[in-house]
Amino acid sequence: MPETLLEAVGVTKRFGDDTVLDHVNLTVNKGDIVCLLGPSGAGKTTLLRCLNHLEKPNSGAVFLDDELLGYRRVGDSLMELPPRLIARQRQRIGMVFQSFNLFPHMSALENVIEAPTRIARVPKAEAVAYARELLDSVGLLHKADSMPHELSGGQQQRVAIARALAMRPEVVLFDEPTSALDPEFVGEVLQVMQKLAEQGTTMVIVTHEIGFAREVSARAVFMEKGRILEEGTVESLTDSPRHERTRDFFAKVL
Amino acid sequence: MPETLLEAVGVTKRFGDDTVLDHVNLTVNKGDIVCLLGPSGAGKTTLLRCLNHLEKPNSGAVFLDDELLGYRRVGDSLMELPPRLIARQRQRIGMVFQSFNLFPHMSALENVIEAPTRIARVPKAEAVAYARELLDSVGLLHKADSMPHELSGGQQQRVAIARALAMRPEVVLFDEPTSALDPEFVGEVLQVMQKLAEQGTTMVIVTHEIGFAREVSARAVFMEKGRILEEGTVESLTDSPRHERTRDFFAKVL
Amino acid sequence: GCASTASEAAEESIVPAADQGALLDSVPEEFADGITVATQADIAPLTYTTDEGDVVGFDQDLLAAISDVLGVEITVEPVTFENLILGLESGTYDFVGDTTIKNERLEKYDMLSYLTSSYSVATLASAPALGDDVTALCGTSMGVVTGELISDYVQTAIDPECEAAGLEPVGLTEYKDFASNVLAVQSENVEGMIVDTMTFGYFQSGDAGADFAFNGPSRMTLSDSGYSFLQTQEQVLAPVIQEALTLLVSDGVYAELLDKYGLTESGIEGDPVLNPEATI
Amino acid sequence: MAVLETGTTDAKRLALAELNTRPRPAYGRYVAATVAVVAAALFIWSLAINEAVDWSIVGRYLFNKRILDGVVVTIQITALSLLLGFSSGLVIALMRLSDSRILQTLATVWVWFFRAVPVLVILILVNNIALLYPELGIGLPGLPMIIGVDTNAVISPFLAAVVAFGANEGAYASEIFRASIKSVPTGQFEAAKALGMGSTRMYWRIVLPQAMRIAVPPLSNNTINMLKNTSLVSYIGVSDLLYTAQSIYAQNYEVIALLLVACLWYLLLVSILSVAQSMIERRLGFDRKKKQKAVLSSEVTSNA
Amino acid sequence: MAVLETGTTDAKRLALAELNTRPRPAYGRYVAATVAVVAAALFIWSLAINEAVDWSIVGRYLFNKRILDGVVVTIQITALSLLLGFSSGLVIALMRLSDSRILQTLATVWVWFFRAVPVLVILILVNNIALLYPELGIGLPGLPMIIGVDTNAVISPFLAAVVAFGANEGAYASEIFRASIKSVPTGQFEAAKALGMGSTRMYWRIVLPQAMRIAVPPLSNNTINMLKNTSLVSYIGVSDLLYTAQSIYAQNYEVIALLLVACLWYLLLVSILSVAQSMIERRLGFDRKKKQKAVLSSEVTSNA
Ligand SMILES: Nc1ncnc2c1ncn2[C@@H]1O[C@H](COP(=O)(O)OP(=O)(O)OP(=O)(O)O)[C@@H](O)[C@H]1O
Ligand SMILES: Nc1ncnc2c1ncn2[C@@H]1O[C@H](COP(=O)(O)OP(=O)(O)OP(=O)(O)O)[C@@H](O)[C@H]1O
Ligand SMILES: [Mg+2]
Ligand SMILES: [Mg+2]
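Protein chains in written order, with our numbering: chain B, 1 to 254; chain S, 1 to 254; chain F, 1 to 280; chain A, 1 to 304; chain E, 1 to 304.
With the rest of the complex left out, here is chain B (with noise of 0.2 angstroms):
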């Protein structure tokens, strides 16, 4: 039986009277490339950022491991952690945003130390020589003193992935990595996150890149209105769609 990393059950968001997320359920397991597609304002971005407590859920649940994710069960119901725990737990978790979100005032190096250096308190030689090992396997190590402004899109968002890599998280969240990327630096992206793939990284990945989810064989789960509508490999969406709505996605996108 696989093994549980992250698992969301019946979680539900609301923003005022929308309901964003409703009782959405999601496991995801070790080693697994789950790759969240729909529409826009499906409510993708929300799931993903609930998966890290970046949203905070109004009702349900979600485990990393065994572990309550940024609560802890007070009488009938669910109270946060303090913030400090909260955080210890979100450094099992990366995050890759669409807009990279890179330090602008901190070099491509300093970016990918930060986070061991400050917070996992890791010596700095140490943090430098596996920064500039993920630099290097994002294709980027000529680039380490670049400030990001320095740096093109594409470039800028394998920092991303190599800073977001540097806790040695258990599972990397994407959030549409690659939409903000003039076309001819998608690929190169796409390529690093390929790389990731292939080394058994557990991923979660909002895209609309149908070919490269199709090629890492991920495990697609097609999101609309706030719900999961169906599950399973990207062929099985794409070519013999259960629901109407994913059919006239895949037509507009593909």
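To be clear, the hints were calculated from the coordinates, so they are not data collected in a lab.
We treat Cβ as the ideally placed atom computed from N, Cα and C, and that holds for glycine.
Nothing false has been slipped in among the hints.
Once the Cα atoms are required to be at most 30 angstroms apart in a straight line, the calculated DSS-like pairs of lysine-lysine come out as:
(1) K252/S to K143/B
(2) K195/B to K124/B
(3) K12/E to K30/S
To give a feel for the contact side, a few chain A residues facing chain B, derived at Cβ under 8 angstroms:
(4) R13
(5) L14
(6) L16
(7) A17
(8) E18
(9) L19
(10) N20
(11) T21
(12) R22
(13) P23
(14) R24
Using the hints, position chains S, F, A and E with the ligands against chain B.
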């Protein structure tokens, strides 16, 4: 013989020691749809910006109809015109940016009527009537009073197109109008542009959307390292490129 | 403060009818249309503003009397110290009041004394009594107003005596103005203050000063204070004002005004002297 | 709700998932707030019953005619100086941002000079300019004037005050404008130019309305500062609010009571300004997306 | 260079295309600059030869011991008050940005109060706090103190000055911090949290270094302002630079000369601060892309 509307002759642009445009010649006839293609850093944006004097060439000339754009001859060099005259020339050229650049403090309608009422001094009622017509034609009449941040990327870009058309320009320049958009919204913007093409609007477009270029039977111009490498129909470039670089490029983006 | 005509300020002339305009003939041609004088604002009882906004005080009344005697209008402007000096030098004012007479200053200005300035020690009435000898101040903490002669005097005259007697020197703190000294004493930041006798006398006669008392050496007289005129060759105004003042002293108006403001003990002895020899 | 089969979810997990979540009660914050409120109340109470403060005198002078005149002077000088200061500050900021070396240098020197020199000095110099230049006019130094007027006839103390505070404020405001104009994205400049706008219109309609969002808080700091600094005009014989209070206590020695009178007026004036400030901020906050704001504030809290 | 055949280009156009372009000579700018430089030169010269200014006295007092002491006091009070002001301002800004209503209100009231009340008043009240509260200690008003100390033993004038200026500066600085923290993109907060940073580290390492870019110009305005405002300490028996100059001219009547002495010192101090400011700005200007800067400055010029 087709009527020449916009013409770049021997345009050269250097940034420091970098020669970004190297004696580029480009003719845009009335009714033409010209797509500028090429890898990142080729100088596409720079060329487009030279076409409305947002970038000042180091040598070479741009002609709008029979007028020299942005300069007049003084002795044996070209001296820049006073800002007032340049502004007047620019009113004949519309521009749509990759990042929309809507004015965030004005509603959609206000964005569109800003130039006609303030610069061309069109009576307000008249400007509003035309702006509503334009917003209608991009399918956003119902969003006339929305602020830019209340609109999706695709909607913002469609407002930006309406804004560029509000001064009834003779030619419209587009710099990667869809590359900052989520895939779902790309279609709606291309559709608006296709409509413009059908109405015979003269357009120069930097884009990576080869499919779109083919559909509007644009004249394709392939740039590399600051030069125009080849031009022709989209089919001729993709199917039988004369240069290896052209082939490489299309292999990558198609 | 707004400029006022001196004769307006004194509601009713106190100059005997016989003297009014007595000196009109000796006033130089150039001043016949009027004279502009500046005094320092906000030092009661010399010049201060009433709750109704009227500028009054000994200076104002004395200048009104001079105006009456001369038969020439005198416009008085209460200003800050800076403008007093700069206005005199730039010719904005024909002469200025409230300046302390020092030998060094006599080189540059003609000075006519009309008051003696003396310093007294004051504390809260509840404070233990200090002796009358200046050595009683040794080792105490005292407030003074910045820039006044008393600081120099304490350092050059009193401190050496303390040292000679084997005592600590006087602990001086300089505060910006008289009111700041009062506060410092009230909140016991200092034990007492060495201040202008006139000012303290006026203060003590009011409600707020009831808790205070003279205590220790009083009326340490260091110099006169008076009017300053710019010293230029053709300066002809000073003798005329001296003449007017002499007249007012002789017919008792001066003494009357001193009495009105409780300044009798600060009046000058005898006739006013132009450019008196100062002690400092 | 159709729950899809997703593998490992066991009964215990399902039970937890039924529960509503609630935010962490911010105990520390409650304690801090309580302590602060109690401290404030004690402070106000102890002031109210304090014998050293004679509230009857405060009441008597609060609407005293001289005090009211002082309030008017304070408002007049502040308003006029701000007008001069903000407009000159804007020009200087544009000079500093220009690519002309000469203009940059001139503006930098101007800012350096007027930031450095105390207002008091400018005030005294301008008011006594007759001392330095008995006649104002056109001409070369050393030669007779071509056209000249008596300096004292031209410069009134009020004018001197406005010039001095205006020049000072201009130097400070220019720094604020500079920073805020620099924060407007380049794309906005380009979009305006591409529409065929001239520079003046571009600045007035597009750039400044956006720059103002960042400029308003520090500019209102400056405004409030000036409101209080006008008491320096007492040096040139003009009485504003604070100085009137001082001049009254110079006579009746009720220092604390009169300072409290001044304070109450300043509190009123600053309250009006603060309300105006937040109204302007709200009007200018056109692009502060709800979403962004929500995220930001939740970040900040967890720190407090 | 291989010129592709592109249709209509005729000989006349080709001839023009051979020519180099040159920017428009900025005549207006040259004239303005010349006028300004000449005016500045005339002003300086007329001051230098002016009889009303006795430069020998300026020289004599420039390094006078009392003046130097005043400079030291000015620097000390400014430095300490800034430390207190900036740190309290930061805390207040975070409170105002928090989503706790109570903290927001408290912070707003604090800012309102300390922006409104003149420093002079705070200064006098703090220094004379013994008048209001002869003993400081823990206890309830009306009841005997539990632990009490003599107030005057605790509050020295210097401490009072630092507290008063610090509290005042804190209120102003908090507004600046608030605006600048709000200008940091949300994504930066999220990236930091996603890495597992706690709030404190997030602020120190990520948010504040970025907020500082916008905060530095107004904060250095404040610093310079305080440098000059310290002359108020004369009310509580401390002499700073400006006040020392005033108290010297009260004796020797050399008003202009001594104000110039003070000015020269302020110019020096502000120059040092300005250099520091631009060094900090340059260090913090990490993401001011060359490209963006070039575009911006060319926009600005054409306006000037
Ligand atoms: N902080 C917020 N406040 C209010 N509404 C929000 C907030 N965040 C998201 N929403 C709304 O929730 C819905 C889902 O948003 P979400 O960003 O998760 O969609 P998505 O599937 O990621 O879409 P996209 O492909 O456009 O990124 C949308 O309707 C959005 O407007
Ligand atoms: N203002 C500038 N200063 C310095 N170099 C610049 C500037 N603008 C552009 N460049 C350089 O000029 C070259 C061409 O840039 P340009 O933006 O025109 O390319 P592009 O073809 O539009 O590329 P992309 O597809 O990435 O937008 C690049 O090497 C770029 O770095
Ligand atoms: Mg999303
Ligand atoms: Mg480009």
